[in-house]
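Given chain A's structure and the hints, the job is docking chains B and C onto it.
Chains as they are written, first to last, in this note's numbering: chain A, 1 to 213; chain B, 1001 to 1250; chain C, 2001 to 2223.
Source of the hints: derived by calculation from the structure; they are not laboratory data.
Keep in mind that the hints are not guaranteed to be accurate.
Stated by the list, open to error - Label pairs and their computed distance ranges (CB to CB):
no., chain 1, residue 1, chain 2, residue 2, range
1, B, V1226, C, L2207, 37 to 43 Å
2, C, G2070, A, A200, 44 to 50 Å
3, C, Q2050, B, A1030, 50 to 56 Å
4, B, D1178, C, Q2050, 21 to 27 Å
5, C, V2204, B, L1027, 43 to 49 Å
6, B, R1128, A, A138, 54 to 60 Å
Every residue, glycine too, gets a C-beta built ideally from N, C-alpha and C.
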Amino acid sequence: MSPQTVIFSLDSLAFERDDKLLFANINLAMSSGEIVQVEGPNGCGKTTLLRIISTALSPTSGELRWHGQPVTRCRLEYLQNLFFLGHQPGLKQSLSPEENLHWWRRMNTNDSQLGNREVLASIGLCGYEDVPCYTLSAGQQRRAALARLLITKAPLWVLDEPFTAIDKQGVAQLEQLLMGHVARGGMVVLSTHQDLGIDAVRRISLPLMAEVS
Amino acid sequence: MWQWFHRLGSPRWFYQASGKWLPWLSLLAAILLSVGIAWGLGFAPEDAKQGNSFRIIYIHVPASFLALAGYYVMALAGAVGLIWKMKLADMVMKSAAPIGAILTFVALVTGSIWGKPTWGTYWVWDARITSMLVLFFLYLGVIALQYSYTSQDAASKSSAVLSLVGMVNIPIIYKSVDWWYTLHQPATIKFTEAPSMHPDMFHPLLVMILGFYCFYAVALILNTRVEILNRERRTRWVLDMLLNSKKGSS
Amino acid sequence: MGQGFSAIFYRDLLLAFRHRGEIANPVIFFFIVVTLVPLGLTPEASRLAQIAPGILWVMALLASLLSVEGLFQSDYRDGTLEQLLISPQPLYLMVLAKVLVHWLITGLPLTLLAPLLGMMLSLPKAGYLPLVLSLFMGTAVLSLIGAIGAALTVALRKGGLLLSLIVMPLYMPVLIFGANTVQRAVDGFPVAGPMAIMGALLAVSLLISPFATVGALRVSMHG
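Isolated chain A (complex conformation) (with noise of 0.2 Å):
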């Protein structure tokens, strides 16, 4: 297979609710190895077309396409493939950080040999393996969230907004994160407000779309 192989498309995606268009006519065409950037203002419709990336919301008319094939037609074998982290943390609060992961990792079939406090370590949440998920702060919440990117084996990640609340160093470190999915051939949809410091990216932008007249 050829690196420019398509492997995920959108195809024309439209999104309205309640005959307010939200936003049409996204196309987007990913091989493996690259990285794009959603971009856009508040409001544009950002967070919807991430969860209809990641199939939690369905689009008013387009596809999703997964090796050519539309999604809604091979939905397993695309979950299979998918990483989605969302807004929210998608974290149970009075469950520790290790808890967390050991659910997450029995609810997805991509499962890595690393174990779960050799993955939290590396995160930086050495010592908060076993405190419940309350009693972190905001950014270490985000932290063992995105610990799962250390365990999956998805080559699609879907992240929505995954640098709010980390530290410097916990932006560099995931920079590092997603460069090295990146080079093993993984593929990334993000979005952020941040300047990436990775070259390369492709961008997306999603405009402001006004009422259907």
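Just chains B and C now, with coordinates in the frame of chain A:
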């Protein structure tokens, strides 16, 4: 493409087509209802046991029929909207809910008025009245769900799911209420059932039932037309139509 | 296949254990009503015995109604519901796991405590076994049906009363068969028939309810 056709084509087509049927259907409903009422109230013979008070069945029975049938109309429209993503079906579902609820309410009120001379009290936990009351709650749930979502799409989908669940449950509810009632049946007058009624009483009832069906159709179409205009108010064809009608009137 | 089921089952059980205080809520509610009924009606054993089956069943229904609201709420708020919906595991089973945990922490304790409460309301002897058996199955049906309502209203800020309105008519057959099974047993009639119907209700709701719940959850994500 096919979906697109449905989304934009259907409500407009329905609006224009229904405009042509509506006068005829309304006329038919008016004729049937006035014939049925005059016949039932004026000419049908008195009931041997209940005297004139039985005549309320000419309203009560058709209303109860349509209250139940209306729920199925609503649920099926909801199913069509869910499966084929047809916006017109969503609008029909939303319009059918209040009509059905009002008919259920009418059936409840007439039933309880009828209860006063026959049972000596306005409310009896009779199997049919209880089933009607449950049906009324089912309608209220769908209506309340419709209005509590801010997004119309989510409202349509969730009330469609609810009305489908309700449709599966209605036979179970009716059966269980019947069973419950036979256990606790108090000593009351047993009514003559509709099929064993005297033909002179039964024929006007038949006319009334037909009339109610037509009336239901008229009410549903009218309500759906309002809903179509409301939701499509920004589209070109609605605006054009409004402009034309203004020109015509001035 | 069962991985998603067990992951959610153990997680929710662990969460329930972390919030031990909340587990007691339906049971406390049960006890409060049982104390209030004789005070409001009569302390006379014979009259209490007459209404005990109905009162116990109505309370079980209300207790289930009160607790089912939170079934998906915290998952929706913290984003774990999203993770659930996009995990490559069968959603039917994961929803079933959540409902099972809900039943284990509300329906089962009520079932086990029912004989004690029946005694406080001077339930006649013949009623105890049917009471426990009918509650055992019936509370499971209540949890399954309640899950549909909870899923439909999870995205709404004030879903509480609406949830009751939606779910109450659907609960009716369970109440009728449950309470009357006990009543018939007390009156000395055979109860195999209504008990079998209760089992049938459980089977049907096990089949249908998780599907409806999954559909409702997907709709709620668009809310």
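Hint by hint, here is what the structure shows:
For the pair V1226(B) and L2207(C), the beta carbons lie near 39 Å from each other, so the given range of 37 to 43 Å is met. G2070(C) and A200(A) have their C-beta atoms about 46 Å apart, which keeps the hinted 44 to 50 Å range intact. For the pair Q2050(C) and A1030(B), the beta carbons lie near 54 Å from each other, so the given range of 50 to 56 Å is met. In this structure the supplied range 21 to 27 Å holds for D1178(B) paired with Q2050(C), their Cβ-Cβ distance being about 23 Å.
For the pair V2204(C) and L1027(B), the beta carbons lie near 46 Å from each other, so the given range of 43 to 49 Å is met. Judged by the Cβ atoms, the range 54 to 60 Å given for R1128(B) and A138(A) holds: they are separated by roughly 59 Å.
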